[in-house]
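Novice: Counting in this note's numbering, the final residue of the sequence shown is number 346, and the numbers go up one at a time with none missing.
None of these hints come from the bench; they were simulated from the model.
Each residue gets a CB set at the ideal place from its N, CA and C atoms; glycine is no exception.
There could be a bad hint or two in this list.
Straight-line alpha carbon distances no greater than 20 Å define the calculated PhoX-like cross-link-like pairs of lysine-lysine that follow [what the hints assert, rightly or not]:
1. LYS65 to LYS75
2. LYS170 to LYS4
3. LYS12 to LYS37
4. LYS154 to LYS266
5. LYS266 to LYS247
Ranges between beta-carbon positions, derived for each pair [stated by the list, open to error]:
6. LYS313 to ASN271: 36 to 42 Å
7. GLN235 to ASP303: 23 to 29 Å
8. GLU248 to TYR98: 23 to 29 Å
9. GLU307 to GLU248: 51 to 57 Å
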Amino acid sequence: MSELKRKALFNEKGDIEVEKRRLINGNTTNLNDFNNMKYSWASDWYRQAMNNFWIPEEINMSQDVKDYRELSFAEKNAYDKIISFLIFLDSIQTANLPYVGEYVTANEVNLCLTIQSYQEAIHSQSYSYMLDTICSPEERTDILYQWREDAHLLKRNKFIGDIYNEFIENKTPGQLLKTMVANYILEGVYFYSGFMFFYNLGRIGKMPGSVQEIRYINRDENTHLWLFRSMIVELQKEEAHLFTKENKELYRDMIREGAMQEIEWGKYVIGNEIEGLNEEMITDYIMYLANLRCTQINLEPVFDDHREEPVSMKWVSQYSNANLIKTDFFEAKPSAYAKSTAIVDDL
0 MSELKRKALF NEKGDIEVEK RRLINGNTTN LNDFNNMKYS WASDWYRQAM NNFWIPEEIN
60 MSQDVKDYRE LSFAEKNAYD KIISFLIFLD SIQTANLPYV GEYVTANEVN LCLTIQSYQE
120 AIHSQSYSYM LDTICSPEER TDILYQWRED AHLLKRNKFI GDIYNEFIEN KTPGQLLKTM
180 VANYILEGVY FYSGFMFFYN LGRIGKMPGS VQEIRYINRD ENTHLWLFRS MIVELQKEEA
240 HLFTKENKEL YRDMIREGAM QEIEWGKYVI GNEIEGLNEE MITDYIMYLA NLRCTQINLE
300 PVFDDHREEP VSMKWVSQYS NANLIKTDFF EAKPSAYAKS TAIVDDL
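When you get a sec, could you build the whole thing from the sequences and use the hints?
Specialist: Set out below in structure tokens:
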């Protein structure tokens, strides 16, 4: 099927039978029925996400105000550029998710996309709070719009942004799936790579408030990654024609290109000038992430070797564990997920 149907806002003749529900091109009423869901994983995701509420301003940034002025030139340069990139990613996510939702015809999945969009908005707010706290309004504006002056940063923004724009111009099932894969790259490679820098600051005792903000953002993004992974896997079942050998290579090429751009970016903004990180560590970690993301959506890895988490980077997963619990949906189910309380919720 080459046509992608935009769902009606209200459809009085929509199907109410769960077995007729489809992720795309279904005949939905748009009724949010929490008791009848085809995709049971969406219910699990919804409960996880609702336990994930947090407020950026709750985090104390007083030490960061002092630390920011004492960062080395390389550290401050990397902090500013990576924050600029992350702000763009969360901003474009907030704007793009409603477009995706217009063509998703499973109400339970749309509920998840709505929460994700809300959380992406909070992430943008958190980055603004970080910058408002540690630097002047003029510095903040310069950081927000660095892509206007930095050709490398503009290139990073365009890779994902252009794919999202293609879907607005060409609404087909194949283009929607490319948009989902681009989202998957953004959530599963770009964010993880960017967070790595902040966790490195944390392990050398710098910018603790920024690190904590990132940990909560990371926890949200982990759920977003899991959501799009689940959507892609469902489409493999329902829209098998979108996963021909040629198309699978296209998706692998997207992941490979995203990873290579991230490696190039890491060398540009971090290089070998920052304590605790170097170009080899960055390359190994991003190649590992790219291979991991491929296998999680049933694609062959894109890089030889790099199938295991690099020993030199195992500290990243320790820092990303915001509640001192395991929150990687692909490895284990969390025993607690709320921000500050030990809620037992074995999903």
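Novice: Against this structure, judge whether each hint is valid.
Specialist: Checked hints:
no.: 1; hint: LYS65 to LYS75; in the structure: holds, 13 Å
no.: 2; hint: LYS170 to LYS4; in the structure: holds, 9 Å
no.: 3; hint: LYS12 to LYS37; in the structure: holds, 19 Å
no.: 4; hint: LYS154 to LYS266; in the structure: holds, 15 Å
no.: 5; hint: LYS266 to LYS247; in the structure: violated, 29 Å
no.: 6; hint: LYS313 to ASN271: 36 to 42 Å; in the structure: violated, 20 Å
no.: 7; hint: GLN235 to ASP303: 23 to 29 Å; in the structure: holds, 25 Å
no.: 8; hint: GLU248 to TYR98: 23 to 29 Å; in the structure: holds, 26 Å
no.: 9; hint: GLU307 to GLU248: 51 to 57 Å; in the structure: violated, 24 Å
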